[in-house]
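Chemist: In order, the protein sequence lines correspond to chains A and Z. Going by this note's numbering, the first sequence opens with residue 14, and the numbers climb by one from there. Going by this note's numbering, the second sequence opens with residue 14, and the numbers climb by one from there.
Quick caveat, the hints were computed from the structure, so don't treat them as lab data. Model, not experiment: these values are computed from the prediction. Do not take every clue at face value.
Identical chains blur together in the list; that is why a pair holds if it fits in one copy or across any two.
[Claimed, not checked] No more than 16 angstroms apart at the CA atoms, straight line, and that leaves these computed lysine to aspartate or glutamate pairs for EDC-like:
id, residue 1, residue 2
1, Lys-479, Asp-283
2, Lys-536, Asp-283
3, Lys-465, Asp-378
4, Lys-513, Glu-487
There are 2 protein chains.
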Amino acid sequence: MKESAHPLSSNQRESGELEPRNIPTFEECFPSSEKRVTSIDFEDTTLDVPYRRINLTDGTHFDVYDTSGPQGFNPRSGVPRPRHNWVSKREARGDENYSQMHYARRGLITEEMAFVAQREGRTVEFVRDEIAAGRAVIPANRRHLELEPVIIGRNFRTKINANIGNSATHSSISEEVEKLQWAIMWGADTVMDLSTGHNIHETREWIMRNSPVPIGTVPLYQALEKVGGDPAKLSLETYIETLVEQAEQGVDYFTIHAGVRMQYIPLTVDRITGIVSRGGAIMAAWCLAHHKENFLYTGFERICEVMKKYDVTFSLGDGLRPGCLADANDEAQFGELRTLGELTKIAWEHDVQVMIEGPGHVSMDMIRENMDMELKECMDAPFYTLGPLVTDIAPGYDHITSGIGAAQIGWYGTAMLCYVTPKEHLGLPNRDDVKQGVITYMIAAHAADIAKGVPGARDRDDALSKARFEFRWEDQFNLSLDPVTAKSYHDETLPAEAAKTAHFCSMCGPKFCSMRITDDVRKAMEDKSVEFNAMGGEIYAEKVEV
Amino acid sequence: MKESAHPLSSNQRESGELEPRNIPTFEECFPSSEKRVTSIDFEDTTLDVPYRRINLTDGTHFDVYDTSGPQGFNPRSGVPRPRHNWVSKREARGDENYSQMHYARRGLITEEMAFVAQREGRTVEFVRDEIAAGRAVIPANRRHLELEPVIIGRNFRTKINANIGNSATHSSISEEVEKLQWAIMWGADTVMDLSTGHNIHETREWIMRNSPVPIGTVPLYQALEKVGGDPAKLSLETYIETLVEQAEQGVDYFTIHAGVRMQYIPLTVDRITGIVSRGGAIMAAWCLAHHKENFLYTGFERICEVMKKYDVTFSLGDGLRPGCLADANDEAQFGELRTLGELTKIAWEHDVQVMIEGPGHVSMDMIRENMDMELKECMDAPFYTLGPLVTDIAPGYDHITSGIGAAQIGWYGTAMLCYVTPKEHLGLPNRDDVKQGVITYMIAAHAADIAKGVPGARDRDDALSKARFEFRWEDQFNLSLDPVTAKSYHDETLPAEAAKTAHFCSMCGPKFCSMRITDDVRKAMEDKSVEFNAMGGEIYAEKVEV
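Please model the complete structure; the sequences and the hints are all you need to start from.
Modeler: Have a look at this one:
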């Protein structure tokens, strides 16, 4: 492990906007919860795997997956670096390919694999085999020492990603760090920094040093800034230079639009919304300006060399994804998907980890074809989809239009769902929008886990439902995804403390509470249990007058 | 047609709470929209079928289904009564069975059928045949003269219902009328008045006289009030008396929990949340107290007599629906569903229209079985489902957990989706919650219509997407489900008027707007069209270095 000045040293600091901002604390967001770790021995070290314990009023507790990361650190100093020793060891022995897939294929189990195995309740061997087969990835750049590793693959808990990042017109570095902290507080498993505005490098440095979750970027945005914003001036050299710069900072996965081949561009001309991916549009503009094949496609092997040196995971971009229902599942989209399959093979020859990005806007009846095609063309590489939005008519509510599609495609096997906020299509999301997006996607991912049968996925539902039926209001709130909101909705109409143990709420009032009546029914049935046993269907059927 | 004093005459008025309240006007909610009617000749009368026209900045317009009803009427006087003449005619000739199914089966086409045929863009014969077969219903009590008829069936546009109503602890009559107006403004096709608090009769009268949409109720709630709140004191006589009272007021459909048979009650004992339907719990309590079969089941034929006299539609209640994922698709639920099928046959022998209510809380993988079972057991009678919620862990966000399930079951064939608001499980929804619930369900129903292939369903998506791609921001807002919210989100970061024609938004800023770049790409392709035609896939494949 190279020693270096702390990455957030004084030259990274400028202007008042880097002051820590204010978001509610972990304790304020999750009353009655505590952060805990499971410590497991791994070779000569101990791995502290985090989880959140929800303490219940009946003396029991319920443990949940926790993405919130270390709390209470000043953003100036960043969060702790648990991977320091893990990586030092590999650097000391002179490894050249740091990819988790490379180790897995050689039969090795890394600290990262052991960590995620504990986190998911799976065996390390299962994790290793999924990584080796390319069915799962652990995005973990060896320069991202703050990382609490996460596994993304369809045989594990469905993950969600939150996009943050400034644009030329809005936001500041401290706002973006705050969005990161806020996104992971509510459950984001990874975060993409999609900054396209000022101070791209510095913004990213602050995000990396404060992030316990994998960070993804679209390096093309910074490469374009480097050439003054003119797509025609882009080159493979500038691009690779940008990759190295970002890889050195610790970015864990790169979206790379290498599948936007020239032959597909004419296929987008008759679409209603053409090319809606920023990266896709930029590469198409480059291809046209030079009348040459996409340099990310022709230079793909060189890109692989950078990826394996740091273990950056490919997120092969869907530059031709549909931007409206009318454009879904067309030849441009599926042509690009086949090319992504080709590129996956090449990446895997280098033992580089790969995810495949997916749409976009797709009506419900056309979603499954996307999943089936991805598994087939890309040989089971993890699918990472944006939404999909199942209708175009609800700007302002696209967290919901996309949450519907996300739940469905998650059920079918998508490994990670990229969130959409209420501001989609309209403007840059703020902190509240980030929370709305994350909670909606937590719902979609959890619903998908239950539907696809992830072991134990429904336990939390059952615990909450039991609390609900037993009128343990506080437990019902605390077991939910957003305890404070649930409590505040309840208290809006029945604020008195006594109402927290009342056997009704304002929805039905005391006389019409079905749960209270059901409880009476149960008691009555216990009293009359003998008669009831004799009752069974047949006896009463005779009395029916119909 | 009997003449009578206006139903909202002075004796209906009391206290200051009946003053008209303030909700934004139609014009404020839908800028650039106008209410219009298509006038069609029908026998000796003219039917004015409403729709909403959205005027676009490019000089074209887009017409959409409109539920908002007549605007600007003082709630004290109620809205106009277009059905006055339609019904008078039938009364004059001494009809005894007023059911739309009865007329349809005799080959007759009613004003209501002609009205909905125009509204849905279908032929009157198709409408009549669907009604005759029981696959669709037009809930239209002959006493509800304010009604603009609506058809509910899976071969038509998917409908949504909004529940309103006070409870013993909250709300007032004027608040409930306001919720009605607000629900239909945003697209509710029917409204259920689930009041269980004070002034049930009077609240309902105000709702009926101000409602252009079908109104449903659960008469059991009022019957229970009549016997002082003790389920054991209920009787068929009190119940029938309540049905007649409500039918006289014009209620269009009744939820009747006649399927909660004694034999199913013991099957709920091992559930996590027992019986969660208020009506189901009340009837179970009655059965237990008397140790007798449900009087709604044994007295079903007598109930049919009331229904056909007014043309009230059955909404056969799912009193044993699951209240959590763990209880879904169990023998209690499906046993009741089979009984509802039995009762449907009996109702149809009286030519009484029937809908079947469905769950509830069901994980995505178990939803389809509900739909398949309903169609089979209930012989294609329209399914009317609450949600279903696909996870239990998100109180405060159950409009979303249920919107996911609603979209899915709508796609599978559910005819009407009963909304769920963010306050579900927590308290009585207010006006804002009603809007959130309705918009979420408009999304679900529309997504379902596209997925199941309702003719023309995607046209609005295409129009909006075209406006989006052409940077016609105002048109994008106005074509959306909630124009003002979309506009306000946009203006939050770019309030200047010039930004409404700008070829970017704050999400990506000017340099990174994919749509702007795509437009450049298209122009470039036009310039180089000859070269591009020669380009096609094969030529460039040779140059690839991978």
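Chemist: For which of the previously enumerated hints does the structure constitute a violation, in increasing order of number?
Modeler: Those not satisfied: there are none.
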